[in-house]
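From the two separate chains plus the hints, produce the assembled complex.
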Amino acid sequence: MGSDVDDAYLVLRAQEGYVDAYADLVDRHGQLAYRVALRLLGNHHDAEDVAQEALVTAWQQLPGFRGESSFPTWLYQIVTRRSLNRITRTRITASLDLLGDLNDVNAGPSQQAERDLTVDAVTDAVTALPPPQRVAIVLHHFEGLPLAEIARITDSSIPAVRSHLFRGRRTLTKTLAEWR
Amino acid sequence: MTESGQPIHDVSLLLSGANEHLACGADIDELLEQAADGAAGQLTSHQRDCVYCQAALREFGRVWEPVRSLAAEQVTVPAALKIAVASQIRKLVADVWYTLQLSDGGGIRVAARVVARIAREAAHDVTGVRVAFGRSTHSRMAGLVERATLRHRHPNAAVGVLGRTAVVDLAIAVQYGDQLDAVARDVQRRAVAELRSKVGLRDVTVNVHVDDVIT
Numbered sequence: 009m010g011s012d013v014d015d016a017y018l019v020l021r022a023q024e025g026y027v028d029a030y031a032d033l034v035d036r037h038g039q040l041a042y043r044v045a046l047r048l049l050g051n052h053h054d055a056e057d058v059a060q061e062a063l064v065t066a067w068q069q070l071p072g073f074r075g076e077s078s079f080p081t082w083l084y085q086i087v088t089r090r091s092l093n094r095i096t097r098t099r100i101t102a103s104l105d106l107l108g109d110l111n112d113v114n115a116g117p118s119q120q121a122e123r124d125l126t127v128d129a130v131t132d133a134v135t136a137l138p139p140p141q142r143v144a145i146v147l148h149h150f151e152g153l154p155l156a157e158i159a160r161i162t163d164s165s166i167p168a169v170r171s172h173l174f175r176g177r178r179t180l181t182k183t184l185a186e187w188r
Numbered sequence: 011m012t013e014s015g016q017p018i019h020d021v022s023l024l025l026s027g028a029n030e031h032l033a034c035g036a037d038i039d040e041l042l043e044q045a046a047d048g049a050a051g052q053l054t055s056h057q058r059d060c061v062y063c064q065a066a067l068r069e070f071g072r073v074w075e076p077v078r079s080l081a082a083e084q085v086t087v088p089a090a091l092k093i094a095v096a097s098q099i100r101k102l103v104a105d106v107w108y109t110l111q112l113s114d115g116g117g118i119r120v121a122a123r124v125v126a127r128i129a130r131e132a133a134h135d136v137t138g139v140r141v142a143f144g145r146s147t148h149s150r151m152a153g154l155v156e157r158a159t160l161r162h163r164h165p166n167a168a169v170g171v172l173g174r175t176a177v178v179d180l181a182i183a184v185q186y187g188d189q190l191d192a193v194a195r196d197v198q199r200r201a202v203a204e205l206r207s208k209v210g211l212r213d214v215t216v217n218v219h220v221d222d223v224i225t
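Line order of the protein sequences matches chains A and B. Its first residue numbered 9, the first sequence is counted upward by one per residue in the numbering used here. Its first residue numbered 11, the second sequence is counted upward by one per residue in the numbering used here.
Isolated chain B (complex conformation) (with noise of 0.2 Å):
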């Protein structure tokens, strides 16, 4: 029942026209909003003696009921996603690359990106290291040399071009007990061998930085 005593048959009615209170003179909105966040078994003690209010409750309940069940789903992202993005991202950031050989028969380049990851997971490796970032310190520097190589249109446009000299930096956090300069040299020592090793680069430099501890 409204306020004005007469008998509702439906929800639809009920919230329809300017009605806002039940008969017992409870706000329809505030019982709507209890009845959508779920709390419609949750009762005042006035709404334990009221017939309208739990009337009203469970009906609204039962509409809603729907609308929370959806929205406790767990929503699959597409696997696309990620690496649409990831993608994007690469086109944005200047893409540098390191050239490991150029001859007649052909050059032989490896993105500093790569150079990173590898630098990177090497540091994953050693015990003490709970978390590591890689990056090549020539990214800002090779991608000024990009555009610029670009705009003159020249033949080696196509990407800035490194040598066979890598510098990489790692931002490190380890864990707290741990000797930071023990792990640091430990990663240190362990991308440099990995980064010649893997990728076959002559002289690398990585500096590590250790910018975290972590209990």
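Here chain A stands alone, though its shape is the one from the complex (with noise of 0.2 Å):
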């Protein structure tokens, strides 16, 4: 039923006091806070703890939450900022299941092997990246975010965001072209 009404809806309702008018919000952007974290920690359990804890630091804070950005902006910002956090505090760096249960079950074992070490190769190269980098990554090439909103969900400009994609891009490149 949530789906009949937008965001903005979800969120005054919710800041309202009703409760399930947030669970319809993690209904809706459940996914976005779990596949953010997941690209940038690389690990489905560190993915949860943050997205987990970002989803419950946004109910928190929504009293505050004033509507000037769409509420999965804001829901990009807590999660950036949590994974960063959980970079800088345990400097992940191992990260082998990027894919998990999503095994293409028509691919035979040596094609999923293969698969299997493609998915790794990425992952372990999008983690080795300075968490800058790996932020305007993620945020761009994975999640398709333009960088004007990577900007303001980052607290940063739009040259930085380009700086950091270009370094981000190169990095990337030479790690990847090695592996092969």
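These are calculated hints, taken from the structure and not from any lab test. There may be inaccurate statements among the hints.
Claimed, not checked - Coverage of chain B stretches by chain A, computed from C-beta distances (three or more under 8 Å per stretch; other residues unrestricted):
no. : stretch
1   : 82 to 88
2   : 137 to 146
3   : 186 to 199
Stated by the list, open to error - What follows is a set of in silico ranges between Cβ atoms, one per label pair, in the way DEER data are often shown:
no. : chain 1 : residue 1 : chain 2 : residue 2 : range
4   : B       : S97       : A       : F73       : 42 to 50 Å
5   : A       : R36       : B       : L102      : 52 to 60 Å
6   : A       : I166      : B       : T225      : 47 to 55 Å
7   : A       : A16       : B       : G51       : 36 to 44 Å
8   : B       : N29       : A       : A16       : 57 to 65 Å
9   : B       : R206      : A       : F73       : 42 to 50 Å
C-beta atoms are modelled at their ideal positions from N, C-alpha and C, and glycine is treated no differently.
So this is what it looks like as structure tokens:
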């Protein structure tokens, strides 16, 4: 039923204490939180932890959310910050299961093994990037966000985001080219 | 080939050092961006006649293919995530209960959020209601009582305790064109009946707020 109304409506109702309205927002955007955390951190366990923290934090901070950006943009901001905190705290480099349960059922064992290797290589290459480059690459090339929105999410400028993207793309390309 | 005119054997070499342009003058980072964005095949008029650009775009496109493929994959959210978030939020929201029975045989209590949920579901069943959310109007008051009693280690401190009188707010969005007051009254009637029959609450007040119409 929540699909009939937009995020702004759900945010208003949640701010008024209708907890189910926030549950609908979690239904709608929980995947965003988990997906971004997964791309930034590279493993399911940390991604689940961070996505959970971010969604609960968003609930706690909802009274102060004035709707100046969209709810997803605001959530991107919270997830990204939480993920960066986790990165700097744990310096995660190992990451092996970005796809996890997305195994291709039609692939044979050797195809699946090759696919897993490729996924691991891409995941490792992304999570090895310095945090600012990693955030820019994930938000732009994985989430498809424009530079202006990334600048808003990261509280940065468009030229700074562009610069991180340029460097991130070079590093990622070199790493993957050497892997191949 | 780079701007120095030296042949390039692989991408790593092309991107290492200070190389910024191909021999034709094309910006390497712009070509990389084009390939990373999945537009390696969309050649400009210069690129259509330039072997350097075509070779670089082909190679960049090949390297970025697995990245683009991974980015396009659907990510399945663990089912436990939503449950964990809901559970955490329940802990943050004052836990308020209606007491239906207290006797030597034990007590029966129903959480206010369950009452609100039942009212919400009842509202959903009414024709013309597109969206409905429910909340207990007692939450704030009972939350304060709960915290106060907790501080004084009151025997009933575990819960914010209410009687058998429930006051529920329903926010609804109604189908455009339907008669709002008729829909609201129907919601009220149905929610009250459901709460009396399913929960056993004696006195039920349901405030209906029509806060949107949907076309």
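Sort out which numbered hints this structure fails and list those numbers smallest first.
3, 4, 5, 6, 8 and 9
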